[in-house]
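Undergrad: Sequence order for the protein chains is A and B.
Per UniProt numbering, residue 1 is the first one in the first sequence, and the count goes up by one each step.
Per UniProt numbering, residue 1 is the first one in the second sequence, and the count goes up by one each step.
In short, the hints are calculated from the structure, not lab data.
Quick caveat, the model's predicted, so the values are computed rather than measured.
Every residue, glycine too, gets a C-beta built ideally from N, C-alpha and C.
A hint or two may mislead.
[Said to hold, decoys possible] Only pairs whose alpha carbons sit at most 25 Å apart, straight line, appear in this in silico DSS-like list of lysine-lysine:
hint, chain 1, residue 1, chain 2, residue 2
1, B, K202, A, K16
2, B, K295, A, K16
3, A, K14, B, K202
4, B, K269, A, K14
5, B, K157, B, K301
6, A, K27, A, K70
7, A, K37, B, K157
8, B, K169, B, K61
9, A, K37, A, K27
10, A, K3, A, K37
11, B, K61, A, K14
12, B, K169, B, K296
13, B, K205, B, K38
14, A, K14, A, K37
15, A, K3, A, K14
16, A, K16, B, K157
17, B, K296, A, K14
18, B, K38, B, K18
19, B, K169, B, K295
20, A, K37, B, K38
21, A, K3, A, K16
22, B, K301, B, K38
23, A, K70, B, K202
24, A, K37, A, K70
25, A, K16, B, K205
26, A, K14, A, K70
27, A, K27, A, K3
28, A, K37, B, K202
29, B, K295, B, K157
30, A, K70, B, K269
31, B, K295, A, K14
[Said to hold, decoys possible] Selected chain B positions facing chain A (in silico; Cβ < 8 Å):
hint, residue
32, D15
33, I59
34, D60
35, S92
36, V94
37, G99
38, P166
39, W167
40, N198
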Amino acid sequence: MTKSIKILGTGCPKCKTLTNLVEEVVKENNIDATVEKVEDIVEIMTFNVMVTPAIVIDDVVTTKGRIPSKQEVLELLN
Amino acid sequence: MFDWIQNIANWLVYDILKMEAKNHLAEALNFFIYDTTKILMLLFVVIFLMGIVNSYFPIDKVKNYLSRHKLYGLEYLFASLFGVVTPFCSCSSVPLFIGFVRGGIPLGVTFAFLITSPLVNEVAIGLFVGLFGVKITILYILSGVLLGTISGFILQKLNLEHLLTPWVKEVLANAQREQDKFLKEKQPFIRRLPIIWNEVLKILKGIIPYVIVGIAIGGLMHGYIPEGFFEQYMSKEHLFAVPVATILAIPMYSNASGILPIVQVLVAKGIPLGTAIAFMMGVVGLSLPEAMLLKKVMSIKLIGIFFGVVTLCIILSGYVFNLIL
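Full structure from sequences and hints, please.
TA: Written out as C-alpha cells, the structure is:
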C-alpha cells in the first residue's frame, strides 16, 4: 500500500532540508510513498505539533523539531 | 582560565609571524586568534550540554506542566525559564504559540516564553561567557528571564485576547487542558548521542561564519578605533543613548553569534554595558521576520503592543544595567 508522508513546516530552511532528505530516501530505496509538504499553519495545527519540522507517516507524527538522519527516516518508513 | 590561549595567540603573532607588539594589525590579529579559539571552545561545550538537556526536555511536557499546575503568578517566571532551556527555530514560533494557546495557557504566559526563548539560549550563553565572563553572563540570563516574566505579566493584564486573528480565537474557545497524550521518544542515551552530536555540528556549522565575521569586525575595531571613541556619543550621561540604541536595533536582524563579538568591542571602546546589551537584545529578541510570522496569529495592533511592551522593558533593563555596572 502506498504510504502517505507529510512534512510539516512553515517554510524555514530546516523544513526544506527535511523535505529533500525524505524525498531522497524514498527515491533511493524505491519506497512506495507520496511525499507532501504541508505549509498551511491551520493544517499543521491539526497534527498537534508545536515544533517544526515534523514528519507525519500515514497520519502518525513520527519526529518533530529536528532533522533525523537518512538511516532513521528509512527505519521509520519500514 | 584562558591564559594558555592568550599565550598561543602571542606566540603565533609575535614569535612565528614576527610582528611588532605595538602594531595595529598585530593587535587585531592577536585579538582575532584569541577570541575565536576561546569562543568556539566554549560554544562547543555549551551547545553540547544544552543538546543533551534538550533531547530529554520535550516541549509538550512544558506545555502540559504549565497548563496543569496552578502557580499563583509564578507561571510567568517558569514559562520564561523554560524559554531559556528550549531554543527553537524562529519559524516554530507560530506553531508553539498555537500549541500553548490550545493547551489552555494564558496569553501572557505564552508571551513570557516567546520573549525569553530567542533572547537567552545556549549560543548566547556560550558567547557571553567567552566575551564578558561568568558574572555578566549570569546578569544577562537573569535580566533576560525577568524581561520575559515582566513583559508577559504586563501583556496578560492588558487583556489582549480580542486582538488575535479569528481562527486563533476559535482555537482559544475550544482550549482544553490536554493530557499527556504525546508521542514519547523512548531512546537510550547511546542512540540519542549521535543525534545530539549531529545537531551540535549543524548548529556550530551554521553559526561559525557569523562568529568569525563578527570577531573579525570586532578585531579590526579593536586594533584601529581608539579607546573612548564612542564614549563621546553614547556615555551614561547621554540620557537617550539606551532608547536610541534599542530602537535602531529592532529592524536589524541577526542572531547572537554575529552581534555579540561586535558588542564586546563597542563596550571596550567606551559604550556602557547596559546600552550595548539593550542594543543586542533589540537585535536578537525582536525582528521584522518574526513580526511577519506572528501576523498569522495576531492582528497588527497586537503585534505592535507586543513589540512596544518588550521594547520598553529592554530600554528599562538597559538603564538598570548601566546603573548597577
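Undergrad: Now look at each hint and say whether the structure bears it out.
TA: Cross-check of the supplied hints:
{"no.": "1", "hint": "K202/B <-> K16/A", "verdict": "holds (15 Å)"}
{"no.": "2", "hint": "K295/B <-> K16/A", "verdict": "holds (22 Å)"}
{"no.": "3", "hint": "K14/A <-> K202/B", "verdict": "holds (11 Å)"}
{"no.": "4", "hint": "K269/B <-> K14/A", "verdict": "violated (38 Å)"}
{"no.": "5", "hint": "K157/B <-> K301/B", "verdict": "holds (16 Å)"}
{"no.": "6", "hint": "K27/A <-> K70/A", "verdict": "holds (12 Å)"}
{"no.": "7", "hint": "K37/A <-> K157/B", "verdict": "violated (39 Å)"}
{"no.": "8", "hint": "K169/B <-> K61/B", "verdict": "holds (24 Å)"}
{"no.": "9", "hint": "K37/A <-> K27/A", "verdict": "holds (16 Å)"}
{"no.": "10", "hint": "K3/A <-> K37/A", "verdict": "holds (14 Å)"}
{"no.": "11", "hint": "K61/B <-> K14/A", "verdict": "holds (23 Å)"}
{"no.": "12", "hint": "K169/B <-> K296/B", "verdict": "holds (12 Å)"}
{"no.": "13", "hint": "K205/B <-> K38/B", "verdict": "holds (16 Å)"}
{"no.": "14", "hint": "K14/A <-> K37/A", "verdict": "holds (13 Å)"}
{"no.": "15", "hint": "K3/A <-> K14/A", "verdict": "holds (23 Å)"}
{"no.": "16", "hint": "K16/A <-> K157/B", "verdict": "violated (39 Å)"}
{"no.": "17", "hint": "K296/B <-> K14/A", "verdict": "holds (20 Å)"}
{"no.": "18", "hint": "K38/B <-> K18/B", "verdict": "holds (23 Å)"}
{"no.": "19", "hint": "K169/B <-> K295/B", "verdict": "holds (14 Å)"}
{"no.": "20", "hint": "K37/A <-> K38/B", "verdict": "violated (41 Å)"}
{"no.": "21", "hint": "K3/A <-> K16/A", "verdict": "holds (20 Å)"}
{"no.": "22", "hint": "K301/B <-> K38/B", "verdict": "violated (44 Å)"}
{"no.": "23", "hint": "K70/A <-> K202/B", "verdict": "holds (15 Å)"}
{"no.": "24", "hint": "K37/A <-> K70/A", "verdict": "holds (18 Å)"}
{"no.": "25", "hint": "K16/A <-> K205/B", "verdict": "holds (18 Å)"}
{"no.": "26", "hint": "K14/A <-> K70/A", "verdict": "holds (15 Å)"}
{"no.": "27", "hint": "K27/A <-> K3/A", "verdict": "holds (13 Å)"}
{"no.": "28", "hint": "K37/A <-> K202/B", "verdict": "holds (23 Å)"}
{"no.": "29", "hint": "K295/B <-> K157/B", "verdict": "holds (21 Å)"}
{"no.": "30", "hint": "K70/A <-> K269/B", "verdict": "violated (48 Å)"}
{"no.": "31", "hint": "K295/B <-> K14/A", "verdict": "holds (21 Å)"}
{"no.": "32", "hint": "D15", "verdict": "violated (43 Å)"}
{"no.": "33", "hint": "I59", "verdict": "holds (5 Å)"}
{"no.": "34", "hint": "D60", "verdict": "holds (7 Å)"}
{"no.": "35", "hint": "S92", "verdict": "holds (5 Å)"}
{"no.": "36", "hint": "V94", "verdict": "holds (6 Å)"}
{"no.": "37", "hint": "G99", "verdict": "holds (3 Å)"}
{"no.": "38", "hint": "P166", "verdict": "violated (11 Å)"}
{"no.": "39", "hint": "W167", "verdict": "holds (6 Å)"}
{"no.": "40", "hint": "N198", "verdict": "holds (7 Å)"}
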